[in-house]
Amino acid sequence: MGLRELLRFAAAGVIANKLRSSLTVLGVLIGVASVILLVGVGTASQQSVQESIESLGSGTLTVSASGGSGTRTEIAELDLGAVEAIDRSELTPDVAGVSPVVNGTATAVWQGAEYEIASVVGSDEDYLDASNYEVSEGTGILAEDVAEDRRVLVIGSTVAAELFGGDDALGQRVTLGAAVYTVVGVLAESDSGTGFSDANDIAVAPVGAVRDTLTGYGALSQILVQAADSDAVDAASAEVGAVLDDYYAVADGDTAPYQVQNASDLLETQEDTAETFTLLLGAVAAISLLVGGIGITNIMLVSVTERTREIGIRKALGAPRRVILTQFLAEATALSLIGGGLGVALAYLLSNFSFAGYETVIVPSSVGLALGVSVAIGLFFGGYPASRAAKLRPIDALRYE
Amino acid sequence: MPPATRPVIDIRALVKRYGHGDTEVHALRGVSLTVERGEYVAVMGASGSGKSTLMHILGLLDAPTSGTYRLDGTDVNGLDEGALGLVRNRRIGFVFQSFNLIPRTTAYANVELPLTYAGVKAPERRRRTAAALAQVGLSDRADHLPNQLSGGQQQRVAVARALVTSPALLLADEPTGNLDSRSTSDVLDLFDRLSDLGRTIVLITHEDDVAARASRVIRLRDGEILSDTKTGPEVTRGAA
Numbered sequence: 029m030g031l032r033e034l035l036r037f038a039a040a041g042v043i044a045n046k047l048r049s050s051l052t053v054l055g056v057l058i059g060v061a062s063v064i065l066l067v068g069v070g071t072a073s074q075q076s077v078q079e080s081i082e083s084l085g086s087g088t089l090t091v092s093a094s095g096g097s098g099t100r101t102e103i104a105e106l107d108l109g110a111v112e113a114i115d116r117s118e119l120t121p122d123v124a125g126v127s128p129v130v131n132g133t134a135t136a137v138w139q140g141a142e143y144e145i146a147s148v149v150g151s152d153e154d155y156l157d158a159s160n161y162e163v164s165e166g167t168g169i170l171a172e173d174v175a176e177d178r179r180v181l182v183i184g185s186t187v188a189a190e191l192f193g194g195d196d197a198l199g200q201r202v203t204l205g206a207a208v209y210t211v212v213g214v215l216a217e218s219d220s221g222t223g224f225s226d227a228n229d230i231a232v233a234p235v236g237a238v239r240d241t242l243t244g245y246g247a248l249s250q251i252l253v254q255a256a257d258s259d260a261v262d263a264a265s266a267e268v269g270a271v272l273d274d275y276y277a278v279a280d281g282d283t284a285p286y287q288v289q290n291a292s293d294l295l296e297t298q299e300d301t302a303e304t305f306t307l308l309l310g311a312v313a314a315i316s317l318l319v320g321g322i323g324i325t326n327i328m329l330v331s332v333t334e335r336t337r338e339i340g341i342r343k344a345l346g347a348p349r350r351v352i353l354t355q356f357l358a359e360a361t362a363l364s365l366i367g368g369g370l371g372v373a374l375a376y377l378l379s380n381f382s383f384a385g386y387e388t389v390i391v392p393s394s395v396g397l398a399l400g401v402s403v404a405i406g407l408f409f410g411g412y413p414a415s416r417a418a419k420l421r422p423i424d425a426l427r428y429e
Numbered sequence: 241m242p243p244a245t246r247p248v249i250d251i252r253a254l255v256k257r258y259g260h261g262d263t264e265v266h267a268l269r270g271v272s273l274t275v276e277r278g279e280y281v282a283v284m285g286a287s288g289s290g291k292s293t294l295m296h297i298l299g300l301l302d303a304p305t306s307g308t309y310r311l312d313g314t315d316v317n318g319l320d321e322g323a324l325g326l327v328r329n330r331r332i333g334f335v336f337q338s339f340n341l342i343p344r345t346t347a348y349a350n351v352e353l354p355l356t357y358a359g360v361k362a363p364e365r366r367r368r369t370a371a372a373l374a375q376v377g378l379s380d381r382a383d384h385l386p387n388q389l390s391g392g393q394q395q396r397v398a399v400a401r402a403l404v405t406s407p408a409l410l411l412a413d414e415p416t417g418n419l420d421s422r423s424t425s426d427v428l429d430l431f432d433r434l435s436d437l438g439r440t441i442v443l444i445t446h447e448d449d450v451a452a453r454a455s456r457v458i459r460l461r462d463g464e465i466l467s468d469t470k471t472g473p474e475v476t477r478g479a480a
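So the protein lines, in turn, are chains A and B. Each residue of the first sequence is one higher than the one before, starting from 29 at the first, in the numbering used here. Each residue of the second sequence is one higher than the one before, starting from 241 at the first, in the numbering used here.
None of these hints come from the bench; they were simulated from the model. Among the hints, a few may not be true.
[Stated by the list, open to error] Once the Cα atoms are required to be at most 25 Å apart in a straight line, the calculated SDA-like pairs of lysine to any residue come out as: (1) B:Lys361 x B:Tyr309; (2) B:Lys361 x A:Arg36; (3) A:Lys419 x A:Trp138; (4) A:Lys46 x B:Lys470; (5) A:Lys419 x A:Thr167; (6) A:Lys46 x B:Leu437; (7) A:Lys419 x B:Arg257; (8) A:Lys419 x B:Val316; (9) B:Lys470 x B:Gly438; (10) A:Lys419 x A:Val351; (11) A:Lys46 x A:Glu334; (12) A:Lys419 x B:Tyr258; (13) A:Lys419 x B:Lys470; (14) B:Lys361 x B:Asn387.
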């Protein structure tokens, strides 16, 4: 018996009961599609975290306030003095630039249009570079803007779209909080969002102006330190630590009231979370694939029982045990393979949509794996019914009603 | 009838018992029988006479408890299931009371099936399948499914399927039991023609007019041969 006959028998078996076959196929389809899609979503979230890490720039250090311990328990108040101390120190050869950062939120109003900007950042001329933003229209924040506390604003693409729609944003006067700012630049779209925040929902202005009009003269939110190059990050971190320990008079053995973090440190935890997330999604999907497989066993058992008589006839006509076995195995495998193929197709189709803010990334290996697993499922879950069919004695099978 | 050097069926002292102890049933109590090539034999008997058991053993669907069975010169005792399947495929053509066509499968595919199992190549399969269907007069029904055929037509497809491998023995178990009188005579006419062509036919029935077509009638009762009559000079083996 050739392969062609075998495939023909299998196809006939699958087609013979269309509704039942399609329901079984549906089970495998859902299983395979969900494995591919959910792993795709998980991978996408991992990738977006990785991209965020890259876009944040590996050479950037963030100094933020944190609780100290020992004799000093208060939290450091980051101020411009600290920025200047780092900037002026002779002991920081690995530091290329240092920028103060204040953060706030404010509602921007322009000709009746209102938009609440998630992140209004006050900083200096180095901030955009340090944060890996690129200016697509107009200019960034210039050194003289910072020096003169000019009320100029560089806005992210989300803000530009929300506030100005299609209109040209450059030169427009926007009311931010209680003050009027002039838009001097629009940022290129950045994809460094982590899924929880939109990196394009931002407005950047000179730190003095923001403190004047929005945040007041309290502590800085952060100090951004640019290392001379990405290899010098650790050295820069140590140097900044030394300067700040001196500035805040931290005694030996006490925990510093601030912390210096490499930007990528911040995201490593998030990456771990994303990995766990992927694993979890994959596990859930694998369970649905397993259920699909059990569906195949069930349907093949029903099929064997229902076709006991047919099996008897085939055996009476001289069908070898091996042929009966392979026929039912081929049938089960055909069901699971069709389900797998359609599952892959569905996954590709659905991957055009985004889930929970993530573009799905189809991982070729997960496609191969899901297809391979679906064939294996056919063979494994079809095996028991098929061997039961093959073991039937023709006389018993023929008598079966 | 050409002188047959080896009988198609040669059974000696065939015994078949079912069950054990008190529930033991003797279906066959020592049956010996020889069927020569080209004979048309009808096996008759009431239900419980053992004729179905005999048919199953003759068809290698069941094994005897004791006794020997040579089919077309081959001793089939002690063959394993795979070998029995091979012998069934090559040497025996079955026609059942309930037709037993594979459902949802065309007449053509049903007839072709034994050839497929025999490993016959596709062009040869097509030729022989078409010839078998033509022989039963159903060439124009090749693409019909069993449920699109009348009972008589279904049984003729089954006969074509039994013939297609050119078996040594055509074994028919009450082939007209489920048919109306018209279809019955169609099918019996077909058997007559096959017999005229030299086929060896063993037919099981409980109807006298069906048995009347055969050239030899064997009556069974309680698992033993009651009589064995050839049309023409009667040969009676008294009840043992």
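Going back to the hint list, which numbers does this structure go against? 1, 3, 4, 5, 6, 13 and 14
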